[in-house]
Amino acid sequence: MDPRRPPFQGTAPFRMPCGARMPGPQPQLLQPEHLIRGRAVSLPCTSRMQRVPEEPRQLAGLVQQEPLPSVTTLHSMFQGLGFETIPRPVLGRAVQPLGRGILGRGMGDMEAKPKAVMPMQPTFPSPNVMPVGDSKVERMSLSPGRILGRGQMESPPVPLGRGAMSLGRGLCKVPTDLTFLCTGVLQPQLSQPLLSPPGFAPQPENPPPTVVEQMERKEPLMKQGSKGTPFPLGLNLIKIHCKNEAVYQYHVTFSPNVECKSMRFGMMMEHRSVTGDVTAFDGSILYLPVKLPQTVDLTCQRKTDGAEISIKLQMTKILEPSSDLCIPFYNVVFRRVMRILDMKLVGRNFYDPTSPTMLPQYRLQIWPGYSASIRRTDGGLFLLADVSHKVIRNDSVLDIMHVIYQQRRETFQDESTKQLIGNIIITRYNNHTYRIDDIDWNKTPKDSFTMSDGKEITFIDYYSKNYGITVRELDQPLLIHRPNERQTPQGKLQRGEILLLPELSYMTGIPEKMKKDFRAMKDLTHQINLSPKQHHASLSNLLHRIEVNEAASKEMSRWGLCLDKDVYKTQGRVLPMEKINLRTSSFMTSEDLNWTKEITREAAISTIPMHYWALFYPKRVVDQARELVSMLEKVSGPIGMQLNQPAWVELKDDRIETYARTIKSILGTEGKMQMVVCIITGTRDDLYGAIKKLCCVQSPVPSQVINARTIMTQPNKLRSIAQKILLQINCKLGGELWGVDIPLKQLMVIGMDVYHDPSRGMRSVVGFTASTNHALSKWYSRVVFQMPHQEIADSLKLCLVGALQKFYEIAVYRDGVSDTQLNTVVSYEIPQLQQCFEAFENYHPKMVVFVVQKKISTNLYSASTEHFVAPAPGTIIDHTVTSRDWVDFYLLSHRVQQGCGIPTHYICVLNTTNLSPDHMQRLTFKLCHMYWNWPGTIRVPAPCKYAHKLAFLAGQFLHHEPAIQLCERLFFL
Amino acid sequence: MMDTNLQKDDLTGTIKFIPPLYKQRYQFIKDLVNKYKPKKVADLGCADCTLLWMLKFCKCIEVLAGLDIRENVMKEKMHRLSPLPADYLQPSERSLTVTLHHGSVAHKDPCMLGFDLVTCIELIEHLEAAELEKFPEVVFGFMAPAMVVISTPNSEFNPLLPGVTLFRHSDHKFEWDQAQFQSWAVAAATRYDYTVEFTGLGTPPPGTEDVGFCTQIGVFVRKYPKNGETVNSEKHTEHAYKTVFKAVYPSLKDEKYLQNAVVSEVLFGADIIKRRLLGNFKSECKEHSDGLEQKLKFQPFKYFMTCSKNLSLAETEKLAADRSMEPFIDGNTVYIPLAKIFSIPKVNQLCGTFEKLSNLIAGKVALSNDGSAVIVTIEYENEEQEN
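Residue numbers (this note's numbering), protein chains in the order written: chain L, 1 to 973; chain D, 1001 to 1387.
Bear in mind the hints are in silico, worked out from the structure with no lab data behind them.
In silico DSSO-like cross-links for lysine-lysine, where the CA-CA straight-line distance does not exceed 30 Å: (1) Lys565/L <-> Lys1075/D; (2) Lys312/L <-> Lys1075/D; (3) Lys1075/D <-> Lys1253/D; (4) Lys1134/D <-> Lys1075/D; (5) Lys1246/D <-> Lys565/L; (6) Lys443/L <-> Lys1059/D; (7) Lys1035/D <-> Lys465/L; (8) Lys1039/D <-> Lys1134/D; (9) Lys1023/D <-> Lys1173/D; (10) Lys291/L <-> Lys1075/D; (11) Lys1037/D <-> Lys465/L; (12) Lys418/L <-> Lys443/L; (13) Lys465/L <-> Lys1246/D; (14) Lys1346/D <-> Lys446/L; (15) Lys516/L <-> Lys619/L; (16) Lys1246/D <-> Lys1040/D; (17) Lys1253/D <-> Lys1030/D; (18) Lys465/L <-> Lys1040/D; (19) Lys418/L <-> Lys446/L; (20) Lys1075/D <-> Lys554/L; (21) Lys1242/D <-> Lys1253/D; (22) Lys243/L <-> Lys1075/D; (23) Lys1059/D <-> Lys455/L; (24) Lys239/L <-> Lys1075/D; (25) Lys1035/D <-> Lys1016/D; (26) Lys1246/D <-> Lys1075/D; (27) Lys1039/D <-> Lys465/L; (28) Lys1059/D <-> Lys1037/D; (29) Lys1364/D <-> Lys513/L; (30) Lys717/L <-> Lys579/L.
Some chain L residues flagged as far from chain D (calculated, every beta-carbon gap over 10 Å): (31) His241; (32) Ser255; (33) Leu292; (34) Thr295; (35) Arg482; (36) Ser590; (37) Thr865; (38) His867.
Don't be surprised by glycine CBs; every beta carbon is placed ideally from N, CA and C.
Using the sequences provided together with the hints, build the complete structure.
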């Protein structure tokens, strides 16, 4: 698990309206609060469940409190939990220590890669820059490769590399590194001295084998299930037909060696008469659609000294035209196509700035566009295209700073830091995007930096000289961007800072202020949320534009690529409906997969009588408090929950201090207190955080914070609000709401997700939840804080060992893993998990591990009607779009309220159980029914969602592990 | 001019110019552009468009054209001549169109007419004799720009360059010494009524001054005034070049972008005035108001109240005389007179005239029935809870 990956999104219990999920480029900035608002817009009835009881707050100045020491030894943990530290003898078959099949294959494939392509590997983008799918708004993209590699040139930097690393999973986003079809002289970056220029992989001493080999073909993995009803689906994939017979790979040797990459390009260019115009060259590997003799010797004159350089081309491979190795440069080709269509590349996606939607009140505009890349999946070569929108401000960062200055002169620097850091900017003079990592208040444009040629130049002169830009404000501070650490092909770690002028930078993404503006977000959501029909129309439009543009089609056909005229249609399945079990009754879910009515009218599986609880409220909301309690009493009967009158604690004011002191004193005198309920006025993150910190860390007790507004302004809806609050309270007390039939009787389900704290370095918080009973209705939870690059193994072990009981099958759902990190999970996390079993004697459970990906750009359309609509919940597809390297499937488990059907991608990275694809798929769908904060299906399995909630609470508000006393309760709901 | 110097590597005896000569040549053109401020510039033999790319940042240029015989070379990096995403955020005052043509300098095409500056950097030495023969007629006779810059290697310098046997580049058809170049240039200038001055880049090492600059340059200036359009169009009407690239930069000269900008400012300004009027003007709303905010401070908007102690007498009178300037509320609609809107500095600056403002926002901004005021509907806060 890489701590740098973006934190989980606020996973909603269902697919969110997109607007709510578009935190701009930096996912970290997404606040669940905004999600809630967004949801509230379009889903009146669904919003309350989350919204009413407690709104997760944004981080705000927390009351500094002494952390409670919570050093827990394993031993004490077990004692506390009543777990047996010595497991029972193992029943069942012995299990291989390592996964068969999938694991072996994945890794083997990696090793099987020919050495020759290895130099390309380091170019894959860092995890936090993956384009993300489902929010429809481009998040960020910022590739160190581009920054380092491109310099001032606007020429396309180029790819190769992803293919090599992505193991043919077709996960290629647009690659950014190599220069391809291009003889660009690499120019220095702004703060070049800190970054050595992109180096070139040294030539291997021995030339590669000159044996021409065919690429090996792969056995398809067994991943298709059969349960459910076949259903026609459309996918946002466009089939690419390869007209060429093969692509030929050549190794290029320069002797004497030519270090300079651009010179190599130049020399290669001179021999177009031999190679043809269609080439992809990374400096040492050349791909051509034409076959040359086995060995070709060419000569060139080095312009610098006139030396004669001999160039040797040796054919190393004959590739299928759909080979993984071709994907990177196909993507470069596709980027050119988009450029021919006048689409602007921003980050990784393509936008049309000529037809913006203006939001003048917020001084921003939205550019329509696409995220599109070529990838190879089980179904062959496809263009995966999604609609994307770029939110971009009209004003420069300097303008924004001026405004901050006008507002808060005294805290200007702090405020600027808060508002700017983490945002993605684009610059006025080139086509790069940068993340603001810091602000250098001591530097101004009058300062100098060292250019690549060793000369000192002031920023003012630099911009004037190179871009004709006159810097107007000479005393502005400079923005600092720190490119992600990146390995050069030589294995050197590159680090450095890039300094940027606020005046020449524009912010992208939604301003914080706007995220709080319900109305504006509604407008925005409206703008960017396309129905499946509109989405499809938008993709069709793109295909049409490519088709009718001669230059664009020609660009594709140079490599023999030909796009289908429409999206790919195929067949998926809709999984059978599930039966929901309550205490005394069971029912089949209805079409819309929502059982709000049932759970509020019938008794939950188990309820905890709430005898001792306290209600804290400021004086001015006393009436609302009374109404709430009386309503809670009314609704408690049908739910089957016993409820006594609370201890009424009226607060003289609503200061944080008042709440904290009063709660503490009540808890101190009343030892039996089961639950603390606080009514607060307004959305106050600081207060919320203080209460949570007190009740989750210092004096552990389940707590419920209610925003007065939600019970004040909707008297007619108070009943349903009260029902939801009560259900949630029941969960927090340890009650169980509902269940589904789980045929596996020895199954433990584990959910893991990560929260990344943007303000505290890159510290990340791992949330871990595990079921502890057969009905999957009891949950054990832990939180682990970890610093960047810190190994999570030990903490994982701690979590798992804490949770392990006598389960012989373990299903792990791991959220928050990007494609590039899959192998980390496989080769690192899983062995660590497995080691945990050794803590028990003769304990060899079987395990299946899924990586859960919500941020994907795959869309499913229901193709049963004339126009595409969103598919029904339970729709699954386990072929065509799936990966060639893993057993995986796409499941749309939630009901799509608005926008397109974006499924969740489940990648099985380990399976030592006997679970068949059908079992895996159904189990996953069942688990999506189990999130008690939402009486319906959600996008991810409940344990993932629980882990997410927990990590978010801990990372955003607690900044500390919750007290161990709470680990068996869903206190974080 | 940039600092230039010559370095002699003692070990190899090679001569190295810093910055490299090709950069010096581009800089030479840039300096010339900054000095003479041409509006239309063409680069013949633009190759990978580097010079054009540098020139696109020169604020005076409105038309940039490139011509090259090698289409592929031109296409390699032509997209860097496209507008950048950020160019659309604050469209520039000037308009800029960049066009690339595929064709030969031996052919005439009307798209090359009317230029102020035509540059031929290291071009002529690549021309075959037949092409070279036609070149003066095409450039000086047909295109007839106000200024022409031609650079070419000085063969007298070649012995000082390492490894140069015959020509500096294998594609060079000839390399001239100073006398050859100058006589050719003077002949062309005389024939087509231009003056020519010679200069160069890359000074020879001490002791070898008489070989002259490494790159020799002729700067030609047309003696006669600009031709009328009619004369030009009569010259030639057939197109010999193929347009391979064209980029039109977003500019406020383009009604579409001007309208976007004006509508944005109008709506934003109206929003601020509305909030102010509603007494709901929180400090955070001050954002980006620029001069507007300043003005607002002097004009407390309490319905029709216009007087303020802060106003000078003259200003008060002026405002009193112009009550139609004042925004007011009627029901749940705020009326902001266009005159008021027009007084917002940014709007004023963008539109210039009141009529222009009216025209630009028509159909884009909600107006009162008589079209005299921008109307904004008041949404009450409690709407937020409605869900």
